[in-house]
Amino acid sequence: MKNWKLWLIVGLALFVRLINLDELRLTHDEMSIGYNAYSILKTGKDEWGRAWPMVFQAFGDYKLPVYIYAVVPSIAFLGLSSLAVKLPSILAGSLLVVGIYWLVKQVLHHEKLALLAALIVAVSPWSVHLSRMAFESNLALAMFVFGFNLVLYQISSQKKSIWISLVAGLLLGLTFYTYVAFRLIVAVLALGWLGILLMNRHLRPQLGFVLLGLGITLLPLIFQMTDASVMARLSQLSSTQSQGVEVVVIERHNFCFLVDPGLLSKICRRVFSIPEQTIQNFVKDYVTAISPNYLFLSGDSLEYLQDPGFGQLAWILMPFYVIGLVLWLKRKQLVDRLVLVGFLLSAIPSALVGSPQAVRLSALLPFVVIFITYGFDQTFKLLPKKLMQKLVGLVVAVVFLFLTTQYLLHYWFIYPHQYRNFFYPMGPEVAELVLSQKDKYQTIYITEDFADAHILLAFAGRLDPDWYQANIIRPEADEFGFQHPTQLGNFLFGPRKGDVFLSDKSASGVLYLSGYTDDLGTTQTFKGFSGVHTEVNITDIDLLRQILKDLIVTNLSD
1 MKNWKLWLIV GLALFVRLIN LDELRLTHDE MSIGYNAYSI LKTGKDEWGR AWPMVFQAFG
61 DYKLPVYIYA VVPSIAFLGL SSLAVKLPSI LAGSLLVVGI YWLVKQVLHH EKLALLAALI
121 VAVSPWSVHL SRMAFESNLA LAMFVFGFNL VLYQISSQKK SIWISLVAGL LLGLTFYTYV
181 AFRLIVAVLA LGWLGILLMN RHLRPQLGFV LLGLGITLLP LIFQMTDASV MARLSQLSST
241 QSQGVEVVVI ERHNFCFLVD PGLLSKICRR VFSIPEQTIQ NFVKDYVTAI SPNYLFLSGD
301 SLEYLQDPGF GQLAWILMPF YVIGLVLWLK RKQLVDRLVL VGFLLSAIPS ALVGSPQAVR
361 LSALLPFVVI FITYGFDQTF KLLPKKLMQK LVGLVVAVVF LFLTTQYLLH YWFIYPHQYR
421 NFFYPMGPEV AELVLSQKDK YQTIYITEDF ADAHILLAFA GRLDPDWYQA NIIRPEADEF
481 GFQHPTQLGN FLFGPRKGDV FLSDKSASGV LYLSGYTDDL GTTQTFKGFS GVHTEVNITD
541 IDLLRQILKD LIVTNLSD
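Under the numbering used here, read the sequence shown as residues 1 to 558, first letter to last.
Keep in mind that the hints were calculated from the coordinates and are not lab data.
You may find that some hints are simply not true.
[To be verified] Here are the simulated DSS-like pairs of lysine-lysine, each with C-alpha atoms no more than 25 Å apart in a straight line:
1) Lys385 with Lys112
2) Lys105 with Lys386
3) Lys330 with Lys381
4) Lys112 with Lys5
5) Lys497 with Lys438
6) Lys2 with Lys159
7) Lys390 with Lys105
8) Lys112 with Lys386
9) Lys390 with Lys5
10) Lys549 with Lys440
11) Lys105 with Lys332
12) Lys438 with Lys42
13) Lys5 with Lys386
14) Lys105 with Lys5
15) Lys440 with Lys505
16) Lys5 with Lys381
17) Lys112 with Lys330
18) Lys2 with Lys112
19) Lys381 with Lys112
20) Lys105 with Lys2
21) Lys112 with Lys332
22) Lys112 with Lys390
23) Lys505 with Lys438
24) Lys105 with Lys330
25) Lys332 with Lys381
[What the hints assert, rightly or not] The following label-pair restraints were derived from C-beta to C-beta distances:
26) Lys5 with Tyr516: 48 to 56 Å
27) Ile222 with Val392: 47 to 55 Å
28) Lys112 with Phe480: 48 to 56 Å
29) Ala187 with Tyr516: 43 to 51 Å
30) Phe223 with Gln389: 51 to 59 Å
31) Lys2 with Gln158: 17 to 25 Å
32) Val335 with Leu382: 19 to 27 Å
33) Gln389 with Glu23: 38 to 46 Å
34) Val322 with Ala187: 24 to 32 Å
These numbers were taken from a predicted model, which means no experiment stands behind them.
In this text, a Cβ means the ideal position worked out from N, Cα and C, and glycines have one as well.
Using the sequences and the accompanying hints, generate a full structural model.
Structure (structure tokens):
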């Protein structure tokens, strides 16, 4: 069988992405994606009751549509489940192995290096984790890599095809509807291709049809540019960064004033400004994102985005990345320049928002892998003897195998339990329990310890979308455009503490759910995996009130 080695690696990638998959709790974003897809399947409307939307309002975060619509068929076949929600990402991550194999083969013209690149992607912590969660960025990454591949193919191949160019434009255009970070990357690349098209007459047909395909795909987006949802999403993405910058600048101004209200204070107001601090933060975050430390040692700082203690890729690959990147700067071919531009662009969206984040940086992965494989090739060419090459190759292979085994064992069997609260602090078993008892109580109150608990109830209970749309109550949007429901049927969500219900005699028929910080003397407790830390306290307010009353009577009688 031709390319059997590649398909063996693809099989390995699929296995790595499927094993123990249900052990990972869904995040509330994944549940939102799943329930909106379920609602589309059942009613043709999203959770807000809007028919076949191009943007899903969800929590007020305005999710892009491609991933949600991609989930609809898997829910139709598998039902509303964790696997169904993650299946498009799993398949995208497995196909990414093929895409990067093809990319490296096109760029470096070397079968073995292409297979090495495929293997790295198949088992790298970065790609494995992105593929095992319902991340829109992972689906967008697969489309981006195949679209980029087709562009390179059209540039370098003797056989030209209008249809290949149009498909390339279509795939790259679809990333605009899948994950927002790819919009900037593809847009700037398209401008670069336009420049190449104008300067190179022989490339005009193939690049021209790529841009045509891209333009046709983006036509619906033009009508959304003035939509409030677009502006709200941009505001949400920039709000945290801008607030942090403003705090730093004001603090520096204040301390300058305290030291010297006169000249120093005036100088500080000129030297320390919001634009200056914004640029400084961007440069720092950008350099950190492409640094060997982040990529191979520290990894992402958010526990639900990366298994702590591991880098985005195995650290044994770090020297090859550095060598490959440095030596790549000497390459002068058009394809080489396009790869370098793609690399430089891919970290910008993440740096514009804040600290490096694995999801926003997903477009960086294929370019890092190209540099690793190129560095590997160039390093081995510098080794003087074949015996030395074999010895170094064996050491690298053994260390890589050990690091990969170590990571996968921890990631499959320890990480899902140790860090499950970082995905969502309430398990589906709790949701199923309270849903089974909802008719026994007038009110089931869930505190803000469990953000957007309504979507957990809707997902775990597979609530009828028509009933959900009729019974959900949302407040006005907050300053950033988010809307977090306050009621779903007899489920209420809010900040009230249990003692408020306990002291309110009119509050009867209340089941109260809280986190570990609010333990009234619970009816039922759900512990973490270790059995030590409390995740959820469930309190029957009437029952507790009666227990306390009986206790008082007993004490008085004694």
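If I claimed the Cβ atoms of Lys2 and Gln158 lie 17 to 25 Å apart, would that claim hold in this structure?
holds, 22 Å
Keeping to a limit of 25 Å between CA atoms, is the pair of Lys105 and Lys386 held or broken?
holds, 24 Å
Measure nothing beyond the straight line between the CA atoms of Lys440 and Lys505; if it is 25 Å or shorter, mark the hint as holding.
holds, 18 Å
Would the hint linking Lys112 and Lys332 be met if the CA-CA limit is 25 Å?
Between Lys112 and Lys332 the Cα gap is close to 23 Å, so the pair holds against 25 Å.
Given the hint that Lys105 pairs with Lys2, does the C-alpha gap stay at or below 25 Å?
The hint holds at about 15 Å.
Restraint status (C-alpha distance of Lys390 to Lys5 at most 25 Å):
holds, 21 Å
State, for the Cβ atoms of Ile222 and Val392, whether the hinted interval 47 to 55 Å holds or is violated.
holds, 54 Å
Take the C-alpha atoms of Lys2 and Lys112, compute the straight-line distance between them, and say whether it is at most 25 Å.
The hint holds at about 14 Å.
Please work out if Lys497 and Lys438 have their alpha carbons no farther apart than 25 Å.
Within the cut-off at roughly 20 Å; holds.
Does the structure keep Lys385 and Lys112 at a Cα separation of 25 Å or less?
holds, 19 Å
Next pair to validate is Lys5 with Lys386; report whether the Cα-Cα distance is within 25 Å.
Status holds; Cα separation ~24 Å.
Proposed proximity, Lys381 with Lys332 (alpha carbon, max 25 Å):
The hint holds at about 20 Å.
In summary, this structure violates none of the numbered hints.
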